[in-house]
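> For reference, the chains in residue letters:
Protein chains: 2
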Amino acid sequence: MSNQSINLNDKFAKFSAHWTPKVIAEINDYQFKLAKIKDEFVWHTHYDTDEMFMVIKGSMIIKLRDGDVLLNEGEMYVVPKDVEHKPFAEQECHIMMIEPRGTVNTGDSDSVLTAVNDVWI
Amino acid sequence: MSNQSINLNDKFAKFSAHWTPKVIAEINDYQFKLAKIKDEFVWHTHYDTDEMFMVIKGSMIIKLRDGDVLLNEGEMYVVPKDVEHKPFAEQECHIMMIEPRGTVNTGDSDSVLTAVNDVWI
Numbered sequence: 001m002s003n004q005s006i007n008l009n010d011k012f013a014k015f016s017a018h019w020t021p022k023v024i025a026e027i028n029d030y031q032f033k034l035a036k037i038k039d040e041f042v043w044h045t046h047y048d049t050d051e052m053f054m055v056i057k058g059s060m061i062i063k064l065r066d067g068d069v070l071l072n073e074g075e076m077y078v079v080p081k082d083v084e085h086k087p088f089a090e091q092e093c094h095i096m097m098i099e100p101r102g103t104v105n106t107g108d109s110d111s112v113l114t115a116v117n118d119v120w121i
Numbered sequence: 001m002s003n004q005s006i007n008l009n010d011k012f013a014k015f016s017a018h019w020t021p022k023v024i025a026e027i028n029d030y031q032f033k034l035a036k037i038k039d040e041f042v043w044h045t046h047y048d049t050d051e052m053f054m055v056i057k058g059s060m061i062i063k064l065r066d067g068d069v070l071l072n073e074g075e076m077y078v079v080p081k082d083v084e085h086k087p088f089a090e091q092e093c094h095i096m097m098i099e100p101r102g103t104v105n106t107g108d109s110d111s112v113l114t115a116v117n118d119v120w121i
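Taken in order, these protein sequences are the chains called A and B.
If you count the first sequence from 1, position 98 lands on 98 in my numbering, and the numbers rise without skipping.
If you count the second sequence from 1, position 103 lands on 103 in my numbering, and the numbers rise without skipping.
The set of hints was computed from the structure by calculation and includes no laboratory data.
Possibly wrong hints are sitting among the right ones.
All copies of an identical chain are treated as equivalent in the list; a pair is satisfied when it fits inside any one copy or across any two copies.
Using 27 Å as the maximum straight-line C-alpha spacing, the simulated BS3-like pairs for lysine-lysine come out as follows [claimed, not checked]:
(1) LYS57 x LYS22
(2) LYS86 x LYS11
(3) LYS81 x LYS22
(4) LYS11 x LYS57
(5) LYS86 x LYS57
(6) LYS38 x LYS14
Starting from the given sequences, assemble the full structure and let the hints guide the process.
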């Protein structure tokens, strides 16, 4: 156990690839993941969990089948389980996600964007 | 289900009392809570869960029996379960906490600072 806080910007400085979530912390069996995103992700659904998105820098859109959710810096949104969604960012955006350990970034969609899980920084 | 993002600063503007956590979102059975804190909290322990603190504005110290953890804006820290801790802020500080629904703010310590749970804003 460390007595050192986790600085989000220091963690973001450690990677540059888009759509590659990095784990920075856990509470119980939930993980905090950082990602840099840009352009279109894939439509996908998580059938077993809700998923929280929070914008740390920039802005993003979470596309839903019934409309878009705009998230600016300091804003968050919970995508309920079973709800199809597609993240999008026109410019590079830094986000934090919180979800159960083992959650696959592309959910039910097999994609070239499917990332390796449990990559800690 | 709303297509509206949650703006943390808008939520902080809705209350002023210190040490009174407000729920702003849930994923599965975990809650996102905002609090304004100032001065000393009480030493306490959560025997059944880890607890995440993130500073949105200002700075705070999480006192542990083996030292202090300083958190500035944009920094977070996970207090593992079973670890006694005491939050402290010299100036008013805005924080977000993430923990299982039903977690009592003062853990095992009965205190005048024990807050009512599940207050949504």
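> Each of the hints needs a verdict: does it hold here or not?
Results for each hint:
1. LYS57 x LYS22: both (16 Å within a copy, 24 Å between copies)
2. LYS86 x LYS11: both (25 Å within a copy, 26 Å between copies)
3. LYS81 x LYS22: Answer is both; intra-copy 21 Å and inter-copy 23 Å each pass.
4. LYS11 x LYS57: For LYS11 and LYS57, the Cα distance is within 27 Å both inside one copy (13 Å) and across copies (19 Å).
5. LYS86 x LYS57: Within. Shortest intra-copy distance 19 Å satisfies the 27 Å Cα cut-off; inter-copy 30 Å does not.
6. LYS38 x LYS14: within (17 Å within a copy, 33 Å between copies)
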